[in-house]
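Visitor: For reference, the chains in residue letters:
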Amino acid sequence: MKGMSIIVKTIANFTFPFILIYGLYVIAHGHLTPGGGFQGGAVVASGLGLMLVAYGSEWISKRIKEHDLSLLESLGALAFIGVAFCGIIFGGVFFSNFLVGTGNLFGGIPLNGAADINSGGTLPLMNFAVGMKVIAGLFAIILVMALATLKKEDAI
Amino acid sequence: MIANIPFIAVALLVIVGLYAVIFRKNLIKMIIGITIIESGVNLFLITLGYREGSIAPIYTSAPEGVMAYPVPQALTLTSIVIGVAVLALMLSLVIQLYRHKKTLDVRKFGGDDQ
Amino acid sequence: MNKREYLGALFLTIVAVIFIFSALSMHPFGSPTEGDMDQYIIDNTVEETGANNGVTAVVFDYRGFDTLGEATVLFTAVAGVILIFRRLKK
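Protein chains in written order, with our numbering: chain U, 565 to 720; chain G, 31 to 144; chain Y, 6 to 95.
FYI, nobody ran anything at the bench for these hints, they're computed from the structure.
Quick caveat: nothing in here was measured; it's all calculated off a predicted structure.
Ideal placement from N, C-alpha and C gives every residue a C-beta, glycine not left out.
Treat the hints loosely; a few may be bogus.
[Claimed, not checked] With a straight-line cut-off of 30 angstroms between C-alpha atoms, the simulated DSBU-like cross-links for lysine-lysine are:
1. G:K138 to Y:K8
2. G:K132 to G:K55
3. Y:K8 to G:K55
4. G:K131 to G:K55
5. U:K566 to G:K59
[Claimed, not checked] With the Cβ distance kept under 10 angstroms, some of the chain Y side facing chain G (calculated, not the full set):
6. F34
7. T50
8. N58
9. T61
10. L93
Please construct the entire structure, taking both the sequences and the accompanying hints into account.
Guide: This is the structure:
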């Protein structure tokens with residue numbers, strides 16, 4: 565697909581960093597406010613979709629390859645499983661929350677309404693892993709479908 | 031009967047989705063009907079855990095009041111993501127089907143045995 | 006085509022009657038049955054998980070296994086879409 569006019573490209577350039585920061589804020593504060601890994605990942609994937617529509621799929625596919633997106637998604641899934649297996653080593657059961665109340669990385673318990681990022685145990689780590697997986701997965705689906713509907717087709 | 035309006039809305043959504051799947055010939059319209067059925071099921075899951083005059087289950091500077099049940103909301107999250115996955119696979123199969131048959135009419139696939 | 010449309014309309018009417026009748030005889034909206042599991046989760050979330058968000062604590066801590074299954078479904082869907090549109094290098 566071809567890109568759009570220069571006015572659309574300028575506005576997309578201007579709003580893309582704000583969408584990125586808002587999506588990463590929703591992912592990072594998943595244990596304090598409504599949100600989390602899946603919701604923030606959908607927001608960032610929508611921002612990347614905006615850039616795809618404004619610049620055309622050929623321009624984007626020269627800079628982001630499907631190989632890198634597949635690697636990012638696999639890393640996110642492996643990090644999620646790795647945190648779950650560390651629960652067996654340190655806690656005793658699968659998926660146990662072994663960082664709560666110890667004061668190491670994300671320990672600390674918020675008392676009566678205070679919102680502290682340094683809390684939540686293994687929840688922020690799992691939020692980052694799932695967020696990375698959802699961003700790479702949803703954008704890979706959009707990019708592959710946009711590349712498959714080009715005019716010159718030499719498909720199967 | 032006025033007190034059950036969300037459940038009647040769920041029933042209407044499922045009926046409209048089923049009508050689109052049964053009575054339409056275009057493949058894209060049938061996919062939209064399946065998506066409408068999924069929206070109805072998600073709405074049903076959320077409205078199962080609401081108590082009268084309750085607030086959201088967030089503890090950060092929460093006002094006074096009982097809290098709604100958080101488990102049906104977690105199940106709805108999973109259901110929405112699975113709906114997205116199924117929709118992506120359905121659409122990619124329709125694109126591949128259009129390349130081979132050059133038409134989107136369901137009645138023209140396969141042999142005519144009517 | 007008439008036989009097919011007749012059967013479709015009959016099936017849709019039966020399903021519509023069943024759904025409307027079930028929607029009218031559910032419990033009134035706003036007073037569900039008493040849930041002991043949900044009450045335990047609401048009372049003990051902040052001490053056991055240290056999170057201020059009840060829904061995230063349920064999704065990732067109390068019911069983390071379902072999230073593992075959902076991540077697998079998402080991975081399989083992405084793998085399937087990329088597999089359908091691959092280009093054979095000749």
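Visitor: None of the hints should be skipped; say for each whether it holds.
Guide: Okay, the hints, checked on the actual structure:
1. G:K138 to Y:K8: 18 angstroms, holds
2. G:K132 to G:K55: Cα-Cα ~15 angstroms, so holds.
3. Y:K8 to G:K55: Cα-Cα ~16 angstroms, so holds.
4. G:K131 to G:K55: The given pair, whose Cα atoms are some 15 angstroms apart, holds under the 30 angstroms limit.
5. U:K566 to G:K59: 27 angstroms, holds
6. F34: 6 angstroms, holds
7. T50: Holds: closest Cβ of chain G sits about 7 angstroms from T50 of chain Y, inside 10 angstroms.
8. N58: 6 angstroms, holds
9. T61: This hint holds: T61 of chain Y lies near chain G, its Cβ roughly 9 angstroms from the closest one there, short of 10 angstroms.
10. L93: This hint is violated: L93 of chain Y lies away from chain G, its Cβ roughly 14 angstroms from the closest one there, beyond 10 angstroms.
Violated hints amount to a single one, hint 10; each of the other numbered hints is respected by the structure.
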